[in-house]
Each structure stands twice: as C-alpha cells, then as structure tokens.
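Put chain B with the ligands on the given structure of chain A with help from the hints.
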Amino acid sequence: MIELSDVQKAFGPKEVLRGVNLTIPKAESMVVIGGSGTGKSVMLKCILGLIRPDRGTITLDGEDVTEAERDAFLARFGMLFQGAALFDSLHVWQNVAFRLLRGSLKRPKAEAREIAVEKLRRVGLKADVADLFPAELSGGMQKRVGLARAIAAEPEIIFFDEPTTGLDPIMAGVINELIREIVTEMGATAMTITHDMSSVRAIADKVAMIHDGKIRWTGPVSEMDSTEDPYVRQFVSGSAEGPIEAVR
Amino acid sequence: MRSIAALGAAILGMLAAVGRIAIFAAETLSHLVRPPFYPREFGHALLTIGYFSLPVVGLTTVFTGGALALQIFAGGARFSAEAVVPQIVAIGMVRELGPVLVGLMIAARVTSSIAAEIATMKVTEQIDALVTLSTDPMKYLTAPRVLAATLVMPVLVGIGDAIGIFGGYLVGTGRLGFNPATYMTNTINFLEWHDIVSSLTKGAVFGFLAALMGCYYGMTSGRGAQGVGRATKQAVVAASVLILAANFLLTELFFAA
Ligand SMILES: Nc1ncnc2c1ncn2[C@@H]1O[C@H](COP(=O)(O)OP(=O)(O)O)[C@@H](O)[C@H]1O
Ligand SMILES: [Mg+2]
Numbered sequence: 603m604i605e606l607s608d609v610q611k612a613f614g615p616k617e618v619l620r621g622v623n624l625t626i627p628k629a630e631s632m633v634v635i636g637g638s639g640t641g642k643s644v645m646l647k648c649i650l651g652l653i654r655p656d657r658g659t660i661t662l663d664g665e666d667v668t669e670a671e672r673d674a675f676l677a678r679f680g681m682l683f684q685g686a687a688l689f690d691s692l693h694v695w696q697n698v699a700f701r702l703l704r705g706s707l708k709r710p711k712a713e714a715r716e717i718a719v720e721k722l723r724r725v726g727l728k729a730d731v732a733d734l735f736p737a738e739l740s741g742g743m744q745k746r747v748g749l750a751r752a753i754a755a756e757p758e759i760i761f762f763d764e765p766t767t768g769l770d771p772i773m774a775g776v777i778n779e780l781i782r783e784i785v786t787e788m789g790a791t792a793m794t795i796t797h798d799m800s801s802v803r804a805i806a807d808k809v810a811m812i813h814d815g816k817i818r819w820t821g822p823v824s825e826m827d828s829t830e831d832p833y834v835r836q837f838v839s840g841s842a843e844g845p846i847e848a849v850r
Numbered sequence: 133m134r135s136i137a138a139l140g141a142a143i144l145g146m147l148a149a150v151g152r153i154a155i156f157a158a159e160t161l162s163h164l165v166r167p168p169f170y171p172r173e174f175g176h177a178l179l180t181i182g183y184f185s186l187p188v189v190g191l192t193t194v195f196t197g198g199a200l201a202l203q204i205f206a207g208g209a210r211f212s213a214e215a216v217v218p219q220i221v222a223i224g225m226v227r228e229l230g231p232v233l234v235g236l237m238i239a240a241r242v243t244s245s246i247a248a249e250i251a252t253m254k255v256t257e258q259i260d261a262l263v264t265l266s267t268d269p270m271k272y273l274t275a276p277r278v279l280a281a282t283l284v285m286p287v288l289v290g291i292g293d294a295i296g297i298f299g300g301y302l303v304g305t306g307r308l309g310f311n312p313a314t315y316m317t318n319t320i321n322f323l324e325w326h327d328i329v330s331s332l333t334k335g336a337v338f339g340f341l342a343a344l345m346g347c348y349y350g351m352t353s354g355r356g357a358q359g360v361g362r363a364t365k366q367a368v369v370a371a372s373v374l375i376l377a378a379n380f381l382l383t384e385l386f387f388a389a
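Quick mapping for you: the protein sequence lines, in order, are chains A and B. Just so we're on the same page, the working numbering is the position in the first sequence counted from 1, plus 602. Just so we're on the same page, the working numbering is the position in the second sequence counted from 1, plus 132.
These aren't lab readings, by the way, just hints derived from the structure by calculation. Backbone N, C-alpha and C fix where the C-beta goes; we use that ideal spot for every residue, glycine too. Careful, some of the hints might be misleading.
What the hints assert, rightly or not - FRET-style restraints, in silico, Cβ to Cβ:
hint: 1; chain 1: B; residue 1: R134; chain 2: A; residue 2: D814; range: 35 to 41 Å
hint: 2; chain 1: A; residue 1: A737; chain 2: B; residue 2: R172; range: 16 to 22 Å
hint: 3; chain 1: A; residue 1: A737; chain 2: B; residue 2: V373; range: 41 to 47 Å
hint: 4; chain 1: A; residue 1: D663; chain 2: B; residue 2: E159; range: 29 to 35 Å
hint: 5; chain 1: A; residue 1: M788; chain 2: B; residue 2: L179; range: 20 to 26 Å
hint: 6; chain 1: A; residue 1: G614; chain 2: B; residue 2: R134; range: 20 to 26 Å
hint: 7; chain 1: A; residue 1: E843; chain 2: B; residue 2: V373; range: 53 to 59 Å
hint: 8; chain 1: B; residue 1: A199; chain 2: A; residue 2: D690; range: 36 to 42 Å
hint: 9; chain 1: B; residue 1: G145; chain 2: A; residue 2: P615; range: 18 to 24 Å
hint: 10; chain 1: A; residue 1: P845; chain 2: B; residue 2: S135; range: 48 to 54 Å
hint: 11; chain 1: A; residue 1: D690; chain 2: B; residue 2: G354; range: 17 to 23 Å
hint: 12; chain 1: B; residue 1: F169; chain 2: A; residue 2: E843; range: 57 to 63 Å
hint: 13; chain 1: B; residue 1: P167; chain 2: A; residue 2: E758; range: 22 to 28 Å
One chain only, chain A, in its complex shape (with noise of 0.2 Å):
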C-alpha cells in the first residue's frame, strides 16, 4: 500500500502540488485523471524519490520512502514514463532487458534476451523489433517498448505515465488489457495516469482525480459516473463548459 498525505511540490514560484493525499491498495489498479500540467507526472517521480516533495510525506507499506534502502524500494518498482525515456544508445532488447543485464537481477545475456522478447510480444511487437535502436520507432512503439521495459522484471508495483497516448484504438486496447492483466494476475499494485476515459473504464479499480494540486474526487470506476462532483463530471464528459477552466 503506497500512502501519501499532504505532499507539497512547487517549482520557484508554482505551486504544482498543495497538498496530495491519496492512498493506493496494494494489488489495486488506480487509475488517476486529470488535466495536462496538473502535476500527475510530478506526484509519481515524488513517490519514486525522483522529486523531492517539499512537504508531506510518503509511505509504503508503513515506511517512509525517503528512508527505505534506495537499491531494494526501486527493485519493486517499473515505471513507464510519459516519453518512454528509451536508452538511445542501447538497442531496443537491451533497454527491456536493462535491469536482467547487470545488478541483483543479471542474469545469462541469452536468457535476458528472450526474456525481452517474450515482453515485446506480450506488448504487441514482433522480435525482429528487438535488434533496432529506440530512434529507428514510431512513438507508439517506444512507448511499447518503454512498457515492456516496466514489466521485465515483474516488479509488485507498477507506475504507467500514459500508457495509451499515441496509440491506435487496437494497441490501446491491447495495452488496457494487459495492464489489467498484470494486476489480476500477477497480483501487482498498479498506478496509472490517463487522459483516455476508455482506458480509465478498461483499466481501473480506483479512480481519483487530481485539479489544482489536489485531489478532487476519488472513488471506485463504478461511482465515476454518478458522482455529483462537477469537476469529475466535466472531465468524464470532455465538456468545454463547468469549473475546469479551459486555458490554464
């Protein structure tokens, strides 16, 4: 169980965070919502130790982050960032495979390998993919890829920034259905952030809603739609109308 309370993040004199609780089950898929430059990026590098908040803290199963030992918190980790963040010098086995290649997890370069490759197709991508460089990809395959490189270590917690952006409706569904898989079947805890209502419906146990540095509104998938909460109700329906401004 990941707990935050009250975390605070402002960049000079923007205030990106005011003040984050929120409380993520273990083996639970959370799915956050909300606009662009609200800070959903900045709250999953806070929990990463990526950023250090400003104020409030984080928790996972009862321990502060800041003080857990660096190398085994971030082993339970995967992360999937917004711009997948591929190693342009490595090729593309080598970034999925990049944590079985060296450290506590190393293991035969050609057990690594077809590791990766079981990923990418897990993923959608066909081996011959394996040998490229990240630059030589759509953005929708790096984005695959940078997936793949999530899951390749069966991490118990698993942070997607984005996971369906640039992607077609078909590997946008793909995708939706193996992160559900993951958490059904590998029992991980999921935090995803999305701006796709379809991926919130495939994906989600939990939804929560962040605006304005805060959290808005946070429930199970099946309330989403009968909350009175009129900023939820605005997001859900994509309306240009109701207290989310337009031009922030």
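For chain B with the ligands alone, kept in the frame of chain A given last:
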C-alpha cells in the same frame, strides 16, 4: 551602489558554482572506488574519447609544431640563435603547447559531446529512468567517462607532443636547412624526464577536468532543447577556462624555481 550589488551577486553565484562542482567532483571520485563498476561503459568511453580523438590531436599538433619552428627560426635570427629551433620546439611542445592544445581540442570535442549527450538524457527523462532501473547515473555515466578521459589523455598528449615535434622536424629539415640527424639528436638530448612527466600529468588533469565539466553541466541541464544548448556551451567554456587555469598552476608547480 546597484552595480556593486550586481557584482557581489555574480561573485557569490560563481563561488556557489565552484562549490557545487567541487562536491560533484568528490562524488565522482567516490564512485570510482565503490562497486558496481561498468566496464563496458568504460571501454566505450576509452574508444570515443581516446581513439577517435587521434586525428584531431595529430592535425592540431603537427601544424603547431611546424609554425613554431618557423617562428623560432625567424625570431632567433635576430640574435643569431637560429640553431636553437629543435630545442625550443621540443620544450615548447612538451611543456606547454602539447598539453594545452590537446586539452582544448578535447574540451571542444569530448566535453561538448558528453554534455550534450547527458543533457539530452536528462531532458528526455533517461536519467530518471536509469534511477528507477536501480542504476546510479553517477556510476553508470559520469564515473566511466571521467576515468577514461583521465587515463587516456596522457596518452593523447604524449602522441600530440611527438607529432608536434615531428611537425617542427619536417619544417626544420625541409624548409630551414637543418640536418635531420642533428635535429633529432638535439631534440632528444635536450628534453628531460621532468618535461615529459609534467606534460603527461597536465594531460591527466586536463582530461579529468574536460570530462567532469561535460558530466556536471549535462547532469544539471535545464529543460528542453534550450537547456541542452546552454549546458553544452557552459561545459565547453568552463572546461577551457579550467584547463588554462590548471595549466598555469601546474607550470608553476613543476617549473617555478
Ligand atoms: N523539473 C521541473 N522543473 C520545473 N517545472 C516542472 C518540472 N517538472 C514539472 N514541472 C511543471 O509542473 C507542472 C506539472 O507537470 P506534470 O506533472 O508533468 O503535468 P502532468 O499532469 O501533465 O503530468 C507543469 O506545469 C510543469 O511545467
Ligand atoms: Mg505527465
């Protein structure tokens, strides 16, 4: 009053930068002695910093050695001291021009590429991705590059010195009428071990500075393409200035009476 305040702020800013760079350097050194090590990254850095710099080093030093011979001959002629060309070319190349020119060329070629590469990795979240994959960017990116540059630069400087002297030899024997055998003997007899050791030491220090600045400004790059551009520019400027300053200090250390 206002200009004094601005000057003060500028000086404080510079001191803060020096402090941050010193901390970064200390951290880099600490990673050189603590595992895990990344031999593949190190090997790759050796190749790109060392081997692929050879053409630039050769071209820079051969022309400089030649020009130096012409100048010394012309200058020496004013008091009938043309004969010292081999000796002065040797000393000039080995003590000063070899290390400094190779250092500056490495700042242009290696510092810029390290800074741009690491800054791009930072901007595209690759550095963050490294961290989440349990890999310390300081160990994986900085340590191998700095170590490789420090070890390979003395070799490059040694080669640069030799090629520079050879450039002087070509001009001396081809244009200025020196006897080839005498030119060689004069050069070799005149150089002392001390000169060579100072040259290679300078090389190591300049290599360290060049790679360190590339890594530092890359790692601290701002966002976007502009951030990468700024980081690259700052890295090259800082490396060049530091190399020239270090050169003065080392000359003082080795040769001040
Ligand atoms: N490293 C940073 N430095 C300065 N500002 C940042 C940084 N990271 C994010 N921001 C700002 O924080 C805000 C939220 O960013 P982000 O979390 O990426 O939004 P999103 O909700 O779309 O993922 C944006 O306005 C962005 O400009
Ligand atoms: Mg984002």
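Taking the hints in turn, this is what the structure says about them:
1. R134(B) - D814(A): 35 to 41 Å: Because 39 Å falls inside the window, the suggested range holds.
2. A737(A) - R172(B): 16 to 22 Å: About 20 Å separates the Cβ atoms of A737(A) and R172(B), which means 16 to 22 Å holds.
3. A737(A) - V373(B): 41 to 47 Å: violated (34 Å)
4. D663(A) - E159(B): 29 to 35 Å: holds (30 Å)
5. M788(A) - L179(B): 20 to 26 Å: violated (41 Å)
6. G614(A) - R134(B): 20 to 26 Å: holds (24 Å)
7. E843(A) - V373(B): 53 to 59 Å: For V373(B) against E843(A), whose Cβ atoms are near 58 Å apart, the range 53 to 59 Å holds.
8. A199(B) - D690(A): 36 to 42 Å: holds (41 Å)
9. G145(B) - P615(A): 18 to 24 Å: holds (20 Å)
10. P845(A) - S135(B): 48 to 54 Å: holds (50 Å)
11. D690(A) - G354(B): 17 to 23 Å: holds (20 Å)
12. F169(B) - E843(A): 57 to 63 Å: holds (59 Å)
13. P167(B) - E758(A): 22 to 28 Å: Because 26 Å falls inside the window, the suggested range holds.
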